[in-house]
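*Asks:* Read off the chains here:
Protein chains: 2
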Amino acid sequence: MAIKVAILGYGTVGEGVYKGIQNHQEQLIEKLGDAVEVAGILVRDPLKKRDVQPGTFITTRFEEILAIPGLHAVFEAIVGKEPGYTYLSQCIEKGCHVITANKVLFAKYGNELLKKSKQHGVHIGYEATTAGAVPIIRTLQELLKVNRVTRIQGILNGTSNFILTEMRANRLSFGEALKLAQDNGYAEANPENDVEGKDAACKLKILCQLAFGCTPDWEEVEVEGIAAITSGEVQKAEAEGFRYKHIADIRAEGGKLKASVKPIAVSSAHPLFSVEGVDNAITLETSLAGNLTLQGAGAGKFPTASAMLEDFSAILEKSLRTKIHLLSARVPV
Amino acid sequence: MAIKVAILGYGTVGEGVYKGIQNHQEQLIEKLGDAVEVAGILVRDPLKKRDVQPGTFITTRFEEILAIPGLHAVFEAIVGKEPGYTYLSQCIEKGCHVITANKVLFAKYGNELLKKSKQHGVHIGYEATTAGAVPIIRTLQELLKVNRVTRIQGILNGTSNFILTEMRANRLSFGEALKLAQDNGYAEANPENDVEGKDAACKLKILCQLAFGCTPDWEEVEVEGIAAITSGEVQKAEAEGFRYKHIADIRAEGGKLKASVKPIAVSSAHPLFSVEGVDNAITLETSLAGNLTLQGAGAGKFPTASAMLEDFSAILEKSLRTKIHLLSARVPV
Numbered sequence: 508m509a510i511k512v513a514i515l516g517y518g519t520v521g522e523g524v525y526k527g528i529q530n531h532q533e534q535l536i537e538k539l540g541d542a543v544e545v546a547g548i549l550v551r552d553p554l555k556k557r558d559v560q561p562g563t564f565i566t567t568r569f570e571e572i573l574a575i576p577g578l579h580a581v582f583e584a585i586v587g588k589e590p591g592y593t594y595l596s597q598c599i600e601k602g603c604h605v606i607t608a609n610k611v612l613f614a615k616y617g618n619e620l621l622k623k624s625k626q627h628g629v630h631i632g633y634e635a636t637t638a639g640a641v642p643i644i645r646t647l648q649e650l651l652k653v654n655r656v657t658r659i660q661g662i663l664n665g666t667s668n669f670i671l672t673e674m675r676a677n678r679l680s681f682g683e684a685l686k687l688a689q690d691n692g693y694a695e696a697n698p699e700n701d702v703e704g705k706d707a708a709c710k711l712k713i714l715c716q717l718a719f720g721c722t723p724d725w726e727e728v729e730v731e732g733i734a735a736i737t738s739g740e741v742q743k744a745e746a747e748g749f750r751y752k753h754i755a756d757i758r759a760e761g762g763k764l765k766a767s768v769k770p771i772a773v774s775s776a777h778p779l780f781s782v783e784g785v786d787n788a789i790t791l792e793t794s795l796a797g798n799l800t801l802q803g804a805g806a807g808k809f810p811t812a813s814a815m816l817e818d819f820s821a822i823l824e825k826s827l828r829t830k831i832h833l834l835s836a837r838v839p840v
Numbered sequence: 508m509a510i511k512v513a514i515l516g517y518g519t520v521g522e523g524v525y526k527g528i529q530n531h532q533e534q535l536i537e538k539l540g541d542a543v544e545v546a547g548i549l550v551r552d553p554l555k556k557r558d559v560q561p562g563t564f565i566t567t568r569f570e571e572i573l574a575i576p577g578l579h580a581v582f583e584a585i586v587g588k589e590p591g592y593t594y595l596s597q598c599i600e601k602g603c604h605v606i607t608a609n610k611v612l613f614a615k616y617g618n619e620l621l622k623k624s625k626q627h628g629v630h631i632g633y634e635a636t637t638a639g640a641v642p643i644i645r646t647l648q649e650l651l652k653v654n655r656v657t658r659i660q661g662i663l664n665g666t667s668n669f670i671l672t673e674m675r676a677n678r679l680s681f682g683e684a685l686k687l688a689q690d691n692g693y694a695e696a697n698p699e700n701d702v703e704g705k706d707a708a709c710k711l712k713i714l715c716q717l718a719f720g721c722t723p724d725w726e727e728v729e730v731e732g733i734a735a736i737t738s739g740e741v742q743k744a745e746a747e748g749f750r751y752k753h754i755a756d757i758r759a760e761g762g763k764l765k766a767s768v769k770p771i772a773v774s775s776a777h778p779l780f781s782v783e784g785v786d787n788a789i790t791l792e793t794s795l796a797g798n799l800t801l802q803g804a805g806a807g808k809f810p811t812a813s814a815m816l817e818d819f820s821a822i823l824e825k826s827l828r829t830k831i832h833l834l835s836a837r838v839p840v
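Line by line, the protein sequences are chains U and X.
The number in my numbering is simply the position in the first sequence, starting from 1, with 507 added.
The number in my numbering is simply the position in the second sequence, starting from 1, with 507 added.
Source of the hints: derived by calculation from the structure; they are not laboratory data.
Computed from a predicted model, the values in this text were never measured in an experiment.
Take the hints with a grain of salt, since some may be wrong.
Where chains are identical, the list cannot tell them apart; a pair therefore holds if satisfied intra-copy or between any two copies.
[Claimed, not checked] Straight line, CA to CA, 30 Å or less: simulated DSS-like cross-link-like pairs of lysine-lysine:
id, residue 1, residue 2
1, Lys526, Lys763
2, Lys555, Lys623
3, Lys652, Lys526
4, Lys769, Lys686
5, Lys511, Lys652
6, Lys808, Lys555
Sequences and hints are given; from them, build the entire structure.
*Replies:* So this is what it looks like as structure tokens:
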């Protein structure tokens with residue numbers, strides 16, 4: 508019997524998840540034992556033409572998604588806190604696993620949702636909220652359990668990094684580089700969240716909660732974007748061997764957490780010095796492993812879908828394993 | 508009751524594991540529910556002074572390690588295929604989990620050991636065999652299950668990378684750079700395995716088996732070290748914007764695996780261009796995530812111990828989870 512999933516929102520990310528599922532059925536069947544069926548897609552405009560298999564159930568009504576019998580998991584790829592939060596809460600209450608790419612929602616309601624998911628015996632995947640395809644969430648959750656993480660530094664906004672790279676490498680002004688980012692589809696029409704550091708701050712919040720189990724007083728955290736950096740400053744830094752990088756930084760110092768999100772001119776000795784273009788990267792300082800850096804695509808259709816589908820596969824395997832243990836243990840009864 | 512472990516071999520890595528366990532008891536207790544006790548250490552020279560807690564059981568006889576009652580896991584940090592293979596086989600047969608840093612052994616006998624471990628219901632951790640603290644093995648095993656990995660490129664030998672970096676950045680000759688590596692403790696007195704590419708080839712074999720489930724005909728694989736590279740070639744490449752990197756490469760092409768291990772002059776567009784010094788790094792090409800690069804310490808006392816202790820924690824949690832499920836399921840009986 509196919510594993511039934513639904514996709515909430517069919518923009519770039521939602522479509523990436525849909526196509527990713529279609530193109531990776533072989534892997535999914537091998538890992539999960541069954542094919543994955545997209546049993547419903549929630550959209551805003553029902554009339555828009557979409558490249559989906561004939562007969563795919565498309566609706567504008569969330570209740571109809573929730574009513575799908577035997578729904579295993581929901582991929583949420585909507586923008587903004589609402590209606591995402593309401594939808595995810597209802598899915599969890601119904602016993603449905605949830606995979607989200609919604610960083611604004613998760614930075615705000617992550618703890619509530621995780622608590623609720625425990626109560627209802629389901630899992631939440633949120634790898635896609637932070638640094639696109641880079642598996643930083645699950646590296647922290649699963650691969651670094653003995654190490655103490657003492658500092659996280661990240662380039663968490665691809666648009667800002669693209670702009671800074673263009674200003675340096677091709678001597679563009681901020682305005683020209685921003686326009687190029689928009690022309691390439693990297694930046695939103697309203698680029699405020701990206702270039703003013705809000706997007707990076709949101710992701711840092713998620714990483715901080717995960718790595719340190721608490722957050723600093725965000726009202727006091729310095730959050731500065733890249734909009735005020737001039738071409739002259741970038742050129743001057745380069746002449747001296749430095750590069751401006753927009754770095755989200757959180758570190759444990761003397762029993763307290765210190766955070767900042769701002770552009771910094773780093774030397775070639777800094778682990779994020781050579782991260783260029785739209786890539787994201789994170790350097791973890793740890794007690795045993797030393798510095799670990801993960802780098803990859805910070806956004807985009809398939810990179811974001813990658814994070815969501817890997818979450819999905821891990822969650823399904825986990826819940827499958829539990830069931831097998833329970834079943835096999837019950838055999839003697 | 509403490510979780511009992513033994514350490515086979517007490518060189519740099521064995522000592523790193525011992526100290527790592529002592530310094531991370533809090534983390535281990537939190538994750539595993541119990542303290543971890545080093546119940547035995549296998550050494551060659553019983554008289555050598557070692558900085559271990561008074562009363563620690565130290566022996567030169569493997570049988571005495573194997574006879575420790577209730578031994579949960581063994582950390583193997585011996586050099587060479589034997590006696591490591593015999594020891595690990597016996598541990599597995601006894602129902603003991605095994606964590607190894609021995610790449611020569613694992614490249615040769617990995618498949619046999621994995622098969623044997625399945626038969627005996629135990630786990631093998633081998634993260635430390637490849638790229639030190641960089642969690643490439645478990646990233647491939649656990650974080651990339653839906654993605655198809657199509658190519659792996661790695662800087663897998665820190666000594667070679669250090670030498671190439673010094674030849675470029677400080678204009679040393681190969682001989683001078685090698686001597687510096689030896690003075691810094693990076694290179695063995697006999698550096699053949701490192702500078703002739705054998706060490707990197709060994710690690711590539713392990714990655715290849717894991718990622719592709721099979722290996723190319725290794726007799727036909729080009730394995731070339733860095734010993735023949737001249738200072739002049741390095742300078743010429745740099746003047747043209749290139750850097751020599753010793754790259755272990757394996758890719759799926761037309762249904763066949765193609766591998767090579769050799770120095771390549773790469774441009775700044777290559778994801779491994781800026782990996783310098785003793786670091787290791789691996790770039791994975793994948794079907795959904797695109798290019799993912801992981802970078803960190805490729806060797807050393809604590810980085811290697813990090814990989815082994817993270818393996819240990821994951822294995823213990825896994826086997827603990829199975830037991831809890833079985834127990835909780837049996838309650839109604």
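*Asks:* For every hint, state whether the structure bears it out.
*Replies:* Evaluation of the provided hints:
1. Lys526 to Lys763: between (44 Å within a copy, 26 Å between copies)
2. Lys555 to Lys623: Intra 35 Å, inter 56 Å, cutoff 30 Å: neither.
3. Lys652 to Lys526: Close across copies (16 Å), not inside one copy (34 Å); limit 30 Å.
4. Lys769 to Lys686: Within one copy, since 21 Å is at most 30 Å while 42 Å is not.
5. Lys511 to Lys652: between (32 Å within a copy, 19 Å between copies)
6. Lys808 to Lys555: within (19 Å within a copy, 59 Å between copies)
Hint 2 alone, counting from the list given before, is not met by this structure.
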